[in-house]
Structure formats: C-alpha cells, structure tokens
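Trainee: Here is how the chains run, residue by residue.
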Amino acid sequence: MTAVNSIIHSISSFVDKLNAVHRMLPWVLAFVLLLPLPQILAAVFNDYYIYLANKICIFILLSVGLNIVKGFCGQVTVGHVGLYAIGAVSSALVSIHFGWSFWLAFPIGILLSGIAGLIVGLPSVRLEGAYLALATLGLGESVRIMIAVTPLFGSSTGLLSIPEPTIGSFVFDNYTKYYYMVMTFAMIGIYLSFSILRSATGRAFMAVREDTVAAAVHGINVAKYKLLAFVISALYAGAAGGLFAHMPPGYIHHNNFTIIEMVTLLLMVVLGGIGHIWGGILGAIIVTIIYDQTLEFYFIQPLLFGMTMILIVIFMPRGIGGVIDRYFMTKKFMKIREENSDGTS
Amino acid sequence: MALLDVTGLSKNFGGLLALSNLDVSIEAGSIHGLIGPNGSGKSTFFNLVTGVYQPNPGSRIIFDGHDITSSPSHEIGSLGIARTFQLLRLFSEMTVLQNLMVGYHTHVSYGFLTTLLNNSLVSKADAETADEMMDLLEFIGLADFAGMPASELSGGQRRLLALGRAMAMRPKLLMLDEPAAGLSPVNLDNLLSIVMALKEKFGLTVLIVEHILKVVMETCDTVTVLDYGEKIGEGTPEHVKDDHAVIEAYLGQEMDDEEIRAAFEA
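Just so you know, the protein sequences line up as chains A and B, in that order.
Residue numbering for the first sequence follows the numbering used here, beginning at 1 and increasing consecutively.
Residue numbering for the second sequence follows the numbering used here, beginning at 1 and increasing consecutively.
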C-alpha cells in the first residue's frame with residue numbers, strides 16, 4: 001500500500017511541476033507518451049489489444065460525457081446510449097449516401113446528437129430520479145428500435161462499409177492508425193471536460209445536483225444548466241458514436257446500442273466515482289478491459305455487472321475516485337494538524 | 001426609502017390560506033424582524049419573496065425598484081436578495097470554499113464559451129474569486145475548513161457557512177430564516193455579532209425570522225408579527241412587546257404582567 005501511495009504522490013507532484021512550467025505541458029506529455037501504445041501492445045500481447053485500445057478511447061468519451069450529466073449535474077439518464085447511436089448512424093449515413101468526407105459527417109453526427117440531447121434533457125426540467133431515468137430510458141430504447149426496424153438505418157443487417165476517415169492520402173484503415181485519431185479525440189474530450197468542470201459552469205452543475213432550490217436561490221438558472229449538461233454530454237456521445245461508426249471495418253449494428261451497453265456505461269461512471277473528473281476515465285479503462293476479457297461468459301455478464309454495481313453503491317459509494325480523493329484529503333488534514341501541533345508545542 | 005415593498009401578498013395551498021393580504025415594507029439599512037407562532041406564514045413569506053413559491057394574483061412584491069412578484073428564483077437572487085434556509089440546504093458534497101464560489105455565481109465575469117476556449121483566463125478569474133471568498137471565510141471564522149466537504153462541519157459551523165454562502169452573493173437584502181435554531185447561547189452570540197459586523201461592513205438590510213424572541217428584541221429596529229397568515233402587529237420591539245394582540249397570539253390570554261415579562265426575558 002505504501003508503494004502505491006508513493007507512486008500516486010510522485011505522479012501528482014510531477015504533474016504539478018509540469019503545470020507550473022506551462023498549463024498544456026502535462027497534456028502534451030501524456031499525448032506523446034500514449035503515441036507508441038499500439039506498438040507496445042502488439043509487442044507485449046498481440047494485435048487484438050490495439051483494437052481494445054481503440055474501444056477504450058471511445059468508451060472514455062462516452063463515460064466522460066455521462067459523468068458530466070450524471071456525476072456532476074446529478075441527472076439520472078439511461079438514454080445516453082441512444083445519443084451514441086444517433087451520432088454513429090447519422091455520421092455513417094451522411095458519408096455513405098452523400099459521399100461526404102468523415103470531417104464533414106462527423107460534426108453533423110455530433111450536432112444531431114446534441115439536438116437529440118436537448119430533447120432527452122427536456123423531461124429533466126420537471127422529473128427527478130427514477131422518473132427521469134424511465135423517461136430517458138424510453139427515449140434511448142426508441143432510438144435503438146427505430147434503427148432496428150428502419151431499412152435506411154441498417155435494420156437487422158446493420159450499416160456496412162462505412163468509409164474510413166482520410167487526411168490527404170493518409171487513410172485511417174487499420175486499428176493502429178485509427179488509434180491515433182480516437183486517442184487524440186479522447187484527449188481533447190478529457191481536456192475540455194476538465195475546463196468545463198473546473199469553471200463556474202462545473203460548480204453550477206454540482207450545485208444543481210446537491211440542491212436545486214438552494215442553487216436557484218443563489219442565482220443559478222437550474223433548467224438552463226440541466227439542459228446544458230444534457231447537451232454537452234450528448235455532444236460527447238455523438239463524437240464517440242461517429243468515431244465508432246468510422247472505425248475499421250466500418251460496421252455498426254443496433255445490437256451495439258442495447259440497454260446492456262448502457263448498464264456497462266453506467267458501471268464505468270459508478271466504479272470510477274460519480275462526480276470525479278478522473279473517475280469516468282478510470283472506470284472506462286477498467287470496465288472495458290474486464291468486459292472484453294469476460295466475453296466468453298456473456299450469458300452471466302449482465303448479472304455480474306449488475307451485482308458489481310450494487311456492491312459498489314453499497315460499499316464504495318464514491319467509487320475509486322472517491323477513495324483517492326479521501327486519501328489526499330486525509331493527508332492534507334494530517335499535515336495541517338501536524339503543523340498546528342508543531343506551532344503549539 | 002423602502003428596499004422591499006410587499007403589498008397585498010396572499011398565498012393559499014389548496015384550501016389553506018397561508019398568507020392573506022399582507023403588507024410589509026422594509027427600510028433600507030434596517031434590521032427587520034418577522035415573528036409569529038408556528039404556522040403563522042413566516043417561511044411562506046420567505047419562499048414567496050425569493051420566488052420558491054408563486055403568490056396568488058393581486059400580490060405585489062417590489063424590490064429596489066424592480067417588480068419581482070412573478071420572477072424566477074435565480075433572477076431574484078441576481079437582483080440582490082440572499083437568503084438562508086431553516087434546514088440550511090448546503091451543497092454538502094462540495095467543499096466549504098466551493099459553496100461560497102457557488103454563491104458568487106451571478107458575479108462570475110466569464111461566460112461558457114470562455115470556459116472552452118480560454119482556460120487561463122478562467123483559472124485566473126477563479127483564483128481571484130477564491131481569494132475574495134477566503135477573506136469572507138476568514139471574516140466568519142471558517143477559513144481553516146475551506147477544503148473540507150460541507151457535510152463534515154459541525155452544526156454551528158454549518159449555520160455560519162449558510163450565512164457565508166448567502167453573503168458571497170454580495171446581496172443588498174439578507175434574509176435569515178431562523179438563524180439561531182439549534183445554536184448554543186455562545187454560538188448564537190457569535191453568529192449575531194458576525195451578522196451585525198457584516199451589516200456594518202457591506203451596508204446590508206437584514207430580515208430575520210426567529211422563534212427566539214431575545215434575538216429579535218435585541219437586534220431588530222422594526223418587528224412584524226404574524227399569526228394565521230395575517231399581520232397582527234408592527235413597530236419597534238418595545239412597542240410590539242406591549243401589544244395585547246401579540247401577547248395573546250404568543251402566550252394566550254390568562255397571564256398577568258409578571259408572567260408575560262418573564263416569558264419574554266427567557
């Protein structure tokens with residue numbers, strides 16, 4: 001345990017030092033360090049893990065987005081996977097049928113997801129808790145069923161041969177190349193979530209989560225911030241969807257957007273720690289790996305994940321992020337106490 | 001000049017008339033007390049003024065020249081009315097400092113787009129706000145707990161934090177809903193002296209709802225007495241103390257002067 005402590009401590013002090021030089025430096029460094037990951041994975045394990053790294057990046061975008069609306073703004077939404085589907089299908093359709101490039105189709109997918117997010121968010125102005133969960137569940141599932149029954153959206157065969165993104169003559173046609181793209185977007189997404197959540201907007205989200213009446217009395221337009229949280233998280237879901245659709249081999253099916261996926265996504269946020277910025281990222285990495293490694297037991301997977309979620313909520317309500325936060329806080333107060341006792345003795 | 005001018009304020013919950021045709025006017029710079037037995041409509045009055053409830057038609061609430069009768073809570077807050085709650089309603093998972101930063105929300109200088117595009121400006125503005133809020137925490141005596149979640153404070157500290165969060169709004173009118181509830185006499189004196197000091201420092205107008213008559217009698221310039229949603233007395237504390245309608249509402253009829261005096265001094 002002390003080894004873990006010292007590692008956490010040295011990492012955090014190193015990041016602080018980098019931050020002091022330039023605010024972007026830790027981000028640039030992390031980006032550079034993550035660049036050779038596919039080569040390392042291929043050398044240590046095999047090529048399959050490069051695909052897994054792609055998947056993790058996409059799920060990081062999804063869970064960071066969900067963390068904004070659920071973790072920070074406290075709105076229980078089960079429709080997130082529907083927004084993900086809207087981003088994926090619209091981006092895919094635009095590039096298949098109009099032949100538009102990824103760089104045009106992708107923003108369109110994000111935009112449509114954002115608009116859908118506004119619609120999913122509207123019930124939140126009046127509903128709370130389980131009622132809101134039911135309303136958003138209905139919206140999310142209806143998106144999936146809509147895709148499943150409409151031939152244009154792929155119905156039972158799914159959408160095939162969605163074109164890969166290109167920059168000039170460079171085609172992102174294998175997992176290693178595609179990794180550079182999803183990783184870049186995941187980094188941008190994480191960076192933006194930090195910017196948002198560490199500003200007055202993030203504090204307003206948390207105030208809405210804690211107490212809507214008190215938030216309103218202190219000058220926060222509750223309805224506006226709830227909708228803003230829904231739209232931001234929908235934009236994240238749309239981006240994740242677009243990246244998922246164009247990932248080689250360019251195939252999406254409505255089975256990618258089921259309620260099981262939603263539960264997995266919720267587990268990421270809950271495990272990582274509701275309301276911790278790093279929580280969603282950590283949760284996405286851990287859960288995606290576990291999900292992938294236990295695929296052969298897919299019959300009992302939902303049962304396992306559901307039970308894990310219940311256990312976490314009972315025994316670790318603030319998830320991994322909460323445990324880490326508590327560790328740092330305890331340490332800070334120990335230090336203050338030591339300083340105080342030094343002063344008096 | 002009246003800072004808050006309420007005329008004909010009524011509110012019914014179904015068949016129950018919680019407030020009927022109430023006229024109250026609060027002078028700028030004064031400390032105004034609002035007293036009355038349980039269920040007399042004091043908290044309803046607070047909730048109507050701060051937009052938590054909507055009043056019946058015909059009511060009029062004018063604050064500082066603005067008609068706020070049907071304004072939403074957040075607009076009323078940004079006009080300069082701050083309040084505390086009887087049950088505090090702190091943001092308990094957030095730190096003490098963050099609670100105050102939320103109170104400061106309406107004065108934040110940057111918008112959402114700046115948040116996305118210019119991170120350094122945001123951190124600079126937030127650092128300045130945090131400094132200002134630390135001064136306020138110093139003033140109310142919670143500076144040592146700035147990084148602690150609000151849920152871990154003691155009862156007395158929570159009341160102070162609620163006051164600090166309201167003050168972070170830089171209000172013109174501060175409305176305190178039973179600030180003394182559950183406080184020990186020492187803590188109570190501490191809280192009252194902080195309120196008086198804040199009033200002097202920021203030129204506040206204060207409206208206090210209180211059960212403990214000692215608080216009202218000692219601090220208020222004017223007192224309004226409510227019973228069953230109607231105003232039954234108004235004036236200086238001395239005047240109200242001797243008003244027979246007030247004594248009746250509070251203590252019943254069958255008491256002689258000696259007992260009445262003893263009750264008020266308790």
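It is worth saying that the hints were derived from the structure and are not from the lab.
Watch out, some of these pointers could steer you wrong.
Which stretches of chain A does chain B cover? Using the computed rule of at least three CB atoms under 8 Å from a CB of chain B, they are [unchecked claim]:
# : stretch
1 : 99 to 107
2 : 185 to 198
3 : 220 to 229
Ideal placement from N, C-alpha and C gives every residue a C-beta, glycine not left out.
Trainee: All the hints need checking, so say for each whether the structure fits it.
Mentor: Going down the list of hints, with the structure as the test:
{"no.": "1", "hint": "99 to 107", "result": "violated (count 0)"}
{"no.": "2", "hint": "185 to 198", "result": "holds (count 4)"}
{"no.": "3", "hint": "220 to 229", "result": "holds (count 4)"}
In summary, the one numbered hint that this structure violates is 1.
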